[in-house]
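In case you want the letters, here they are:
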Amino acid sequence: MGTELVQGLKYLAAGICMGIGAIGPAIGEGRIGASALESMARQPEMANTLLRNMIIADAIAETTGIYSLLVAIMILFVV
Amino acid sequence: MFATVGKDLVFRFRIGPVYVALNPATLGASLGVALILIILGLWLRRGIPDDPEAPPSRRAAFLIAFLDLVENQILGGMGEKMRRSLLPLISTLLLYILVCNLSSIIPVPGMVAPTQDLNVTLGLAIFVYLLTHVYGARSKGIFRHLRGYLEPIPVMLPMNLVGDMGRTLSHGFRLFGNILGGGIMVAVTIPVLVNLLVRFLGALALAAIPLVGGAASFILNAFFGVFAGVIQALVFTLLAAAYIQVAAE
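Which chain is which? The protein sequence lines are R and E, in order. So in the working numbering, the last spot in the first sequence is 600, and the numbers never skip. So in the working numbering, the last spot in the second sequence is 259, and the numbers never skip.
Hints in this document: simulated from the structure, not taken from any laboratory. Every residue, glycine too, gets a C-beta built ideally from N, C-alpha and C. One or more hints might be untrue.
Unchecked claim - Chain E residues, not near chain R, derived (Cβ > 10 Å throughout):
| hint | residue |
| --- | --- |
| 1 | Arg68 |
| 2 | Ser101 |
| 3 | Arg184 |
| 4 | Val222 |
| 5 | Ala258 |
Stated by the list, open to error - Listed below are several chain R residues computed to face chain E (Cβ distance under 10 Å; list not exhaustive):
| hint | residue |
| --- | --- |
| 6 | Thr524 |
| 7 | Val527 |
| 8 | Gln528 |
| 9 | Leu530 |
| 10 | Met567 |
| 11 | Arg573 |
| 12 | Ile576 |
| 13 | Asp579 |
| 14 | Ala580 |
| 15 | Ile581 |
| 16 | Glu583 |
| 17 | Gly586 |
| 18 | Tyr588 |
The whole structure should be built from the sequences, with the hints applied where relevant.
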């Protein structure tokens, strides 16, 4: 195979990797944010604790998206 | 384009059988951040009045507000003794990562946030992992702490070890990926924007580039540099505190 084809396939692979990998964290963070807002509306006095826990949960849900970002970067620059 | 992300600035050499790769940009920036924080700490320390009864000066009030914030927001769910013993460590970690993340918005060529380098973030994560063992052994005794790996049944030992490894790796990768992704977004978007302007506006672009480029770099740096930097510093320290608390209880 020519190097140009390999280079093009790399770009394609990185794009697909990032696009599919972003779906899961997006759904997860949306659900976390929605439930946190619902609970805050129900119990406004708990808002500070809920916000803190929401940020932790968001960061953990984001991890898989970060993995796909790292894989995409590795496809582009390392392999 | 990616020279500003720091990938070109690596020295490789070998000492005996060991290959070493040093990134001078990361090394200089992380030591510079440490130096800034040491000077800031000494300067703030000198502002505390000698007489404990005296009303707090401005620098002492800043210190009190910052430590109160860390104690209530990050270490809020812990016992009094644990909170006291973790406060210096966690506030230092928070300040160091925060200043490291924020240093990416300084517009100096070749300046990168030290947390854009996996060596820095994974080093911090491994440091936190070793500390969980120190705190666990100190609060429960070393045998009871190690026996925790055989819970609930001894067959689960490899699972527990792999879980520890994955936790530490994701702890380091999370900070690295977020800050590196933000850096790449800032480095990629502005040249693309300038190209588009030149293509569609032609001669008028000369007038529009400073305006649009300035606004774009302000917005991108505000979101990816400041907002994401503060959130990720907070998340890293919150998770570090949570891991240590889990090991110690």
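Hints and how they fare:
Every Cβ of chain R is farther than 10 Å from the Cβ of E:Arg68; the closest lies at roughly 26 Å, confirming the non-interface assignment. With a least CB separation of 16 Å from chain R, E:Ser101 remains clear of the 10 Å interface cut-off, as annotated. With a least beta-carbon separation of about 6 Å from chain R, E:Arg184 fails to lie farther than 10 Å from that chain, contradicting its non-interface assignment. The claim that E:Val222 lies off the interface holds: its Cβ sits roughly 26 Å from the closest Cβ of chain R, which is beyond the 10 Å cut-off.
Separation of E:Ala258 from chain R is adequate, the least Cβ-Cβ distance of about 18 Å exceeding the 10 Å criterion. The criterion of a C-beta within 10 Å of any C-beta in chain E is not met by R:Thr524, whose closest approach is roughly 20 Å, and the hint is violated. Here the hint on R:Val527 is broken, as its CB sits about 20 Å from the closest CB of chain E, past 10 Å. Taking 10 Å as the C-beta cut-off, the interface hint given for R:Gln528 is violated, the closest approach to chain E being about 16 Å.
Checking R:Leu530 against chain E: minimum C-beta separation of about 20 Å lies over 10 Å; hint violated. With a cut of 10 Å, the hint placing R:Met567 at the interface with chain E is violated, because the nearest CB-to-CB distance is about 12 Å. Using the Cβ-Cβ criterion of 10 Å, the hint placing R:Arg573 at the interface with chain E is satisfied: the shortest such distance is roughly 6 Å. The interface hint given for R:Ile576 is met, as the beta carbon of that residue sits about 6 Å from the closest beta carbon of chain E, less than 10 Å.
Of the supplied interface hints, the one on R:Asp579 holds, with its beta-carbon coming within about 8 Å of a beta-carbon of chain E, less than 10 Å. The beta carbon of R:Ala580 comes within 4 Å of a beta carbon in chain E, closer than 10 Å, and the hint placing it at the interface holds. For R:Ile581, the interface hint holds, since its Cβ comes within 10 Å of a Cβ in chain E; the closest pair sits about 8 Å apart. For R:Glu583, the shortest C-beta to C-beta distance to chain E is roughly 7 Å, which falls under 10 Å, so the interface hint holds.
Here the hint on R:Gly586 is kept, as its CB sits about 8 Å from the closest CB of chain E, short of 10 Å. Interface hint at R:Tyr588: satisfied, since its Cβ lies 7 Å from the closest Cβ of chain E, which is below the 10 Å cut-off.
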